[in-house]
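As given, the protein sequences belong to chains E and H, one line each in that order.
Mapped onto the numbering used here, the consecutive letters of the first sequence carry residue numbers 1 to 90.
Mapped onto the numbering used here, the consecutive letters of the second sequence carry residue numbers 1 to 367.
Derived by calculation from the structure, the hints in this document are not laboratory data.
Note that CB positions come from ideal geometry on N, CA and C, so glycine has one too.
Among these hints, one or two may not hold up.
What the hints assert, rightly or not - With the Cβ distance kept under 10 Å, some of the chain H side facing chain E (calculated, not the full set):
| id | residue |
| --- | --- |
| 1 | R8 |
| 2 | P10 |
| 3 | Y77 |
| 4 | N147 |
| 5 | R156 |
| 6 | A292 |
| 7 | A293 |
What the hints assert, rightly or not - Estimated spans, in silico, between C-beta atoms of each pair:
| id | chain 1 | residue 1 | chain 2 | residue 2 | range |
| --- | --- | --- | --- | --- | --- |
| 8 | E | H41 | H | E265 | 17 to 23 Å |
| 9 | E | E73 | H | S308 | 40 to 46 Å |
| 10 | E | G18 | H | Q212 | 49 to 55 Å |
| 11 | H | V307 | E | H41 | 47 to 53 Å |
| 12 | H | S48 | E | P40 | 17 to 23 Å |
| 13 | H | N185 | E | E73 | 33 to 39 Å |
| 14 | H | A18 | E | G18 | 53 to 59 Å |
Residue-level listing of the chains:
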Amino acid sequence: MCLAIPGKIKSIELQYGGLVRMAKVEFGGIVKEASLDMVPHAKIGDYVLVHVGVAITIVDEEEAEKSFAYLREIGELDELVAGSQIDKPY
Amino acid sequence: MKYLSEYRAPELVEQYLAELHRTATRPWTIMEVCGGQTHSLVKNGILSLLPTNVRMVHGPGCPVCVTPLNLIDKAVYLAEKCGVILCSYGDMVRVPGSERSLLEAKANGGDVRILYSPLEAVQIAQQNPGREVVFFAVGFETTAPANALSVVHARRLGLTNYSILASHVLVPPAMEAVMDDPETNIQGFLAAGHVCTIMGVYDYVPLVQKYQVPIVVTGFEPVDLLQGILMTVRQLERGEARLENQYTRVVSDDGNPDARRVIEEVFDVTDREWRGIGNIPRSGWEVRPELAAFDANRKFNVNIAKVSECADCIAGQVLKGIKKPSECSQFGKRCTPLNPLGAPMVSSEGACAAYYHFAQAEAPVSV
Ligand code: SF4
Chain E
1 MCLAIPGKIK
11 SIELQYGGLV
21 RMAKVEFGGI
31 VKEASLDMVP
41 HAKIGDYVLV
51 HVGVAITIVD
61 EEEAEKSFAY
71 LREIGELDEL
81 VAGSQIDKPY
Chain H
1 MKYLSEYRAP
11 ELVEQYLAEL
21 HRTATRPWTI
31 MEVCGGQTHS
41 LVKNGILSLL
51 PTNVRMVHGP
61 GCPVCVTPLN
71 LIDKAVYLAE
81 KCGVILCSYG
91 DMVRVPGSER
101 SLLEAKANGG
111 DVRILYSPLE
121 AVQIAQQNPG
131 REVVFFAVGF
141 ETTAPANALS
151 VVHARRLGLT
161 NYSILASHVL
171 VPPAMEAVMD
181 DPETNIQGFL
191 AAGHVCTIMG
201 VYDYVPLVQK
211 YQVPIVVTGF
221 EPVDLLQGIL
231 MTVRQLERGE
241 ARLENQYTRV
251 VSDDGNPDAR
261 RVIEEVFDVT
271 DREWRGIGNI
281 PRSGWEVRPE
291 LAAFDANRKF
301 NVNIAKVSEC
311 ADCIAGQVLK
321 GIKKPSECSQ
331 FGKRCTPLNP
341 LGAPMVSSEG
351 ACAAYYHFAQ
361 AEAPVSV
């Protein structure tokens with residue numbers, strides 16, 4: 001659960017009456033919501049490192065692509081789909 | 001056993017290994033603090049590629065592993081007896097408490113939900129105004145901004161049915177506890193890259209000075225780890241003790257001040273009990289008193305008796321790098337990930353579980 005996964009910001013919207021910037025972030029085909037509270041300058045097209053639904057820093061594209069490919073290779077992306085596994089028996 | 005060609009950037013891996021074999025002339029013991037790094041070292045077979053005189057020992061950096069049994073029992077109690085919607089990360093709900101895990105509590109009818117993010121728990125609270133929603137918020141510094149942000153969001157939304165059961169732990173005090181233990185013998189540290197993404201690197205300067213150990217902020221991929229180990233060994237061979245940053249492409253010296261601001265808004269530093277290790281002063285965060293309404297510890301005053309850990313488990317020694325998991329008499333026998341006797345066997349980031357899943361000879365091979 002300690003991994004931070006890089007993804008690309010596809011869109012940004014204001015939630016909670018305009019108080020919170022939430023982004024749709026794409027991780028190799030999977031799109032998840034992430035808060036941009038910690039990266040106020042992030043914009044559409046930027047790559048951000050996302051940890052449990054919060055973008056914690058902006059990274060460059062090359063780093064993001066490589067790091068994502070590595071995570072996929074070693075099968076560490078499961079937590080991205082954890083939310084939809086709620087009823088999966090373990 | 002991996003072939004070099006299977007790594008991302010195999011030529012770099014090879015170069016770092018060759019350089020490490022040339023550089024290390026004396027025996028050194030280095031601790032990687034972060035469980036994610038332990039997992040990567042073991043899973044990628046790096047331990048068996050290192051020179052024999054470079055010994056990696058594994059630190060206490062698995063938040064799920066160090067969450068006290070008592071707190072898990074409390075979460076189970078809230079789910080089963082108090083009718084709350086109890087949410088947490090996937091790893092956490094599988095950890096056995098003294099009687100059962102949260103997942104088993106779910107099977108018993110408790111409303112337990114595995115979430116990817118604490119912000120989803122806030123949405124659940126918003127959608128279920130008649131129910132109490134508790135997020136079991138474990139983690140190191142990397143996870144604290146998200147857990148804190150959930151409280152900030154809940155407050156902005158005016159929610160009165162959301163709270164967190166916080167079990168936050170901090171890396172630098174744990175490193176101090178490891179160094180202060182007379183049984184440990186660690187000469188250098190790899191510090192956890194993603195922790196420093198939030199906190200920056202300066203917290204480690206006093207540790208470098210106090211204990212005269214090199215500390216190298218390091219990423220988690222094989223190439224990062226090998227480079228971090230090489231940087232540490234170079235310092236050791238030269239008799240230096242400095243703070244270095246291997247992971248500059250992700251970690252800036254200042255970390256993320258916006259994230260720290262949110263942490264400070266929600267949390268105060270507190271003494272914290274570490275499972276397997278005991279109490280470490282000022283080693284965690286708890287919800288600030290003025291936000292008590294969002295603190296499940298204060299909101300639900302349940303007193304759960306402390307239970308003692310299995311006497312055969314040497315988790316404390318494993319978490320401090322004094323013993324390797326394979327040196328435990330129960331490892332792989334009575335203790336397996338399906339039936340863990342102790343904390344480091346429960347999460348994939350725990351050292352015992354990493355050794356169990358990717359069991360491989362620790363015998364080094366020459367390159
Ligand atoms: S192998 Fe099991 S019993 Fe032994 S230290 Fe690890 S968790 Fe404890």
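Taking the hints in turn, this is what the structure says about them:
1. R8: holds, 5 Å
2. P10: At about 13 Å, which exceeds the 10 Å cut-off, the nearest Cβ of chain E leaves the hint on P10/H violated.
3. Y77: Nearest chain E Cβ about 21 Å off; hint violated.
4. N147: Nearest chain E Cβ about 8 Å off; hint holds.
5. R156: holds, 6 Å
6. A292: With Cβ-Cβ at 22 Å, over 10 Å, it is violated.
7. A293: violated, 18 Å
8. H41/E with E265/H: 17 to 23 Å: holds, 20 Å
9. E73/E with S308/H: 40 to 46 Å: This hint holds: roughly 42 Å between Cβ atoms.
10. G18/E with Q212/H: 49 to 55 Å: Roughly 52 Å apart at Cβ, these two residues keep to the hinted range, so it holds.
11. V307/H with H41/E: 47 to 53 Å: Cβ of V307/H to Cβ of H41/E: about 48 Å, so the range 47 to 53 Å holds.
12. S48/H with P40/E: 17 to 23 Å: Cβ of S48/H to Cβ of P40/E: about 45 Å, so the range 17 to 23 Å is violated.
13. N185/H with E73/E: 33 to 39 Å: Check passed, 35 Å falls within 33 to 39 Å.
14. A18/H with G18/E: 53 to 59 Å: Since the Cβ atoms of A18/H and G18/E sit about 56 Å apart, the hinted range of 53 to 59 Å holds.
Of the numbered hints given earlier, the model fails hints 2, 3, 6, 7, 12; all others are met.
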